[in-house]
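Given these sequences and hints, build the entire structure.
The chain contents come next:
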Amino acid sequence: MKRQKWERDLTSHRRFSRVEPYLYVLPFALGILAFTLYPVVNVVFMSFKENYSHLTRGFTEWGVGNYELVLNDKKFVQAIGNTLNYVLLVVPISTSIAIVVAYLLNQKLRFSALFQTAYFLPMVTSVTAVGLAWRLMYNEKFGIINYLLSWFGIDPIGWLSKAQYSMAALVIFGVWNILPFTIILLLSGLQNIDPQHYVAARVDGAKSLRIFFRITVPLLLPTIFLVLIINTISSFKVFSELYPLFKGLPGPLYNLYTVVYYIRYAMVESRKYGIAAAAAIVLFLFIFAFTMVQLFVQRKWVNRR
Amino acid sequence: MKRIGRKNVARFFVYFALAAGAVVMVFPFFWMFSSAFKTSTEINKFPPQWLPGSLSLANFKIAFEKAPFARYFLNSVVVMASSVAVTAFTTILGAFAFSRLKFPGRDMLFSLLLSMMMIPFEMLVITNYSTIVDIGLWDKLPALILPFTSSIFYMYILRNFFQSVPDSLYYSARVDGAGNWRYLWKIMVPMARPSLVTIVLLNALASWNSFLWPMYVISSTDNRTLPWGLQVFTTEAGFNPELLMAASTVVVLPMIALFLFARKSIVRGVARGGLKG
Amino acid sequence: MRVTLDHLTKRFGDVVAVSDFSTELGHGELIALLGPSGCGKSTILNMLAGIVPATSGKILFDGEDATDMPPEKRGIGLVFQNYALYPHMTVLQNICFPLEVQRVPKAERLQRAEEIAKLVHVEGLLKRRPAELSGGQQQRVAIARALVKNPRLLLLDEPLSNLDARLRLEMREEIRRIQQRTGVTTIFVTHDQEEAMSISDRIVLMKAGALQQSGVPQALYHDPKNRFVADFLGNPPICNLPGVVRGGAFVLEDGSASVALPMFGGVAEGARVSLALRAESAFLDPDGPLACEVKSVYQMGKEEMAYLRFGTVEFRAYIDAENGLKAGDRVHIALKSRGVFVFDAETGARLR
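Protein chains in written order, with the working numbering: chain B, 5 to 309; chain S, 906 to 1182; chain A, 2 to 353.
What the hints contain is simulated information worked out from the structure, not anything from laboratory work.
Fair warning: this is a prediction, and the values are worked out from it, not measured in the lab.
Honestly, I wouldn't trust all of these hints.
[Unchecked claim] If you want the footprint, here are the derived chain A segments under chain S, 3+ residues with CB under 8 Å: (1) 48-62; (2) 77-83; (3) 97-106.
[Claimed, not checked] One-sided and incomplete, this derived list gives chain S residues near chain A with beta-carbon spacing under 8 Å: (4) 1008; (5) 1010; (6) 1038; (7) 1069; (8) 1073; (9) 1082; (10) 1087; (11) 1096; (12) 1099; (13) 1101.
[Claimed, not checked] One side of the interface only, derived from the structure: several residues of chain S facing chain B at Cβ under 7 Å: (14) 919; (15) 945; (16) 949; (17) 1055; (18) 1136; (19) 1137; (20) 1146.
Here a beta-carbon is modelled for each residue, glycine too, at the ideal position from N, C-alpha and C.
As structure tokens, then:
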């Protein structure tokens, strides 16, 4: 009997059993091949086809022309800037708030089910629908937010109409949206910390605040890093949040133009698929680089201790 | 005595802070629901009116007349149900193959799949869009289902569970004469109910709320699903935000209901998903 | 059903789990596949079941070559060490499962299941789920499930290992009772020699993948083929005294003592041997050939267990308590004809 690296188990003289595993994998494999693997390869190739016209599938030559165009495009640079701006605001803010909330939720409380429901609700609802509600709340004249601010003597703010406030409006919405997921992860991380650490610390006489900073946070660090990475990745792709707030436009004066918008316009408006592909890949590389940096920092941080 | 007092004060602050935060989180929903019942005049008042004057369903009726929300709703339901069913089928079969069946390169292939989980959809959109057009599914509902039938993430969850089932159960069933198919559906799948429930729920949520993809591939009114249909409605609703809020409520309510019903499963599934990331 | 194993070998990569195993097992017997951990007995069981394909060699069921037969065609019932009950099914559903697979009509299914359930005494538990059963009950259900399809061979993998001591004795008897009632050829794997000795019709003893001896328990006990078999069976374990045969006498290695017995005649001069004595083979005899000193004595009721020093080595002996031995006594020991063996020091083969 021929020896094979993988041992077939169960004796069977039927040929079917050799083919059988592949039949089970088939439906899944088809989906992956057609809609994940093929697109990835296709996009990579497409990005190198200069002057690619999707109608004719024709292009002039292989080269990095698309990349040159993209990286030199002022609009793209602006898009990257805006996107980075968004990421660097949303991620730290949401993470900090989430840590506190997760910590509080982790205390043994009554009504925890109620609290959890309240905090996790945004996660299950359509961004579009809640975005429209926020749009209503942000309304300059009739919005409830400006009304509440007026109690503190603040003049009405043109959240969605003035360029300088639009980023803030987006960020607030973005944080609100991403908070549930972040809290869930951090809560899970907190619950994985062995309570014996706390007992030992209390026996040593430490008080709550010290315990929090010297024990909880360090033990929570892996989860925190995880959260930072995941949220960074998803924030880079910001798009659906913009749509309902600004009626499909990237900001009141196109000032919230993001990378995904750039890709979309290249695809849908100018039909320059090659450019879109190149931009998509640049985005991916950006995300990848950011993630690598974060992983690197994480490793160094862990080693330092 | 002082110490007891301090502890109570601390507890009070915790509850207060959490409650305040909870209010902030829930507020947009409150505003949405409240606005959905307001009349056109009530909603444009300043200072804003907190609660609607009456709970009339007028806005809902009008919204459903102005845009085919019933149709959108139906489409969303059909797409969600089909997506969940098809994905569950491929996931179950795939997870079984990768856990219980043996074939060359199995483990290596699986690692490869895991690494592919990282690929962002924004990269795939371009090609998937043109693929859908080429197959002739543009502006048709199956286009919303097809690209998502194979989720590596869900398969990973299920495979994990399948691996925890002892070999002896499998051998027992085989000795009794059961083939792989029967073993999978009669033994493995019933045992995997919690994991399957999680997958189904997460899948349902993702499908119902999906906006980006339908925006790209669906154009005709009849085939829209709720989120995109809602967005399009903003032009028709024009100066009547109360209609918009009514429509939004319709979009949001089913998922909230689902959440209230299965909160623990959903939260568990999300936590698992994040940890895998 | 007669089971024949013909030069059966199993290799996992470079590791030989079973080597050149040949034996024949008769119809309707309760057979113990016995051996220390890792000796390959479970592997043989799995090969009999068809779960693990053999590397070479043959398996014959009633003369028919079953080596490459898939498990479902072999007509065997299999009970795993952890019982492998389907957790989401009731006891009744578990037992009915094999019949369901065979598409037996529902009425007949239920009838046969209930019959078997009565046989193994679980008829009152039919509506429960496995999680609600005790270890012993789960095992009975597993046995029922294996028996319900009227197998021609029943295989049990370490059936008693997961049970506590008291339950072990009870279930041991139960297995024997069920086997005798049904008459199904049954092979069970165990590492416990007492278990094997007490209930089986035949013992197949293995070590490191190779067959050591196969026969009725008495045969292995009184007539071991080699030192391993003698060592493995019996409680307390047999005592081995290393020495050399010179001039028809057994001399300890360091020469501190010797004993001449007719059994040594015929053994090659200078052969290095091991003289093995079972505790029950020695008795006090003023004319006995072994001069020993009593080192310690343990009371066991009607007998005493004495540790006797012979030269520089010690061995155990059961002595009648009436003799009232004390440490330091000098006694003479004679040996019965049974329970005394001579083994080659290197190969372990039995010489006398």
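Quick rundown of the hints versus the structure:
no. : hint   : verdict
1   : 48-62  : holds (count 3)
2   : 77-83  : holds (count 6)
3   : 97-106 : holds (count 4)
4   : 1008   : violated (16 Å)
5   : 1010   : violated (18 Å)
6   : 1038   : violated (45 Å)
7   : 1069   : violated (12 Å)
8   : 1073   : holds (4 Å)
9   : 1082   : holds (4 Å)
10  : 1087   : holds (7 Å)
11  : 1096   : holds (6 Å)
12  : 1099   : violated (12 Å)
13  : 1101   : violated (13 Å)
14  : 919    : holds (5 Å)
15  : 945    : violated (12 Å)
16  : 949    : holds (6 Å)
17  : 1055   : holds (3 Å)
18  : 1136   : holds (5 Å)
19  : 1137   : violated (10 Å)
20  : 1146   : holds (5 Å)
Violated hints, in rising order: 4, 5, 6, 7, 12, 13, 15, 19; the structure is consistent with all others.
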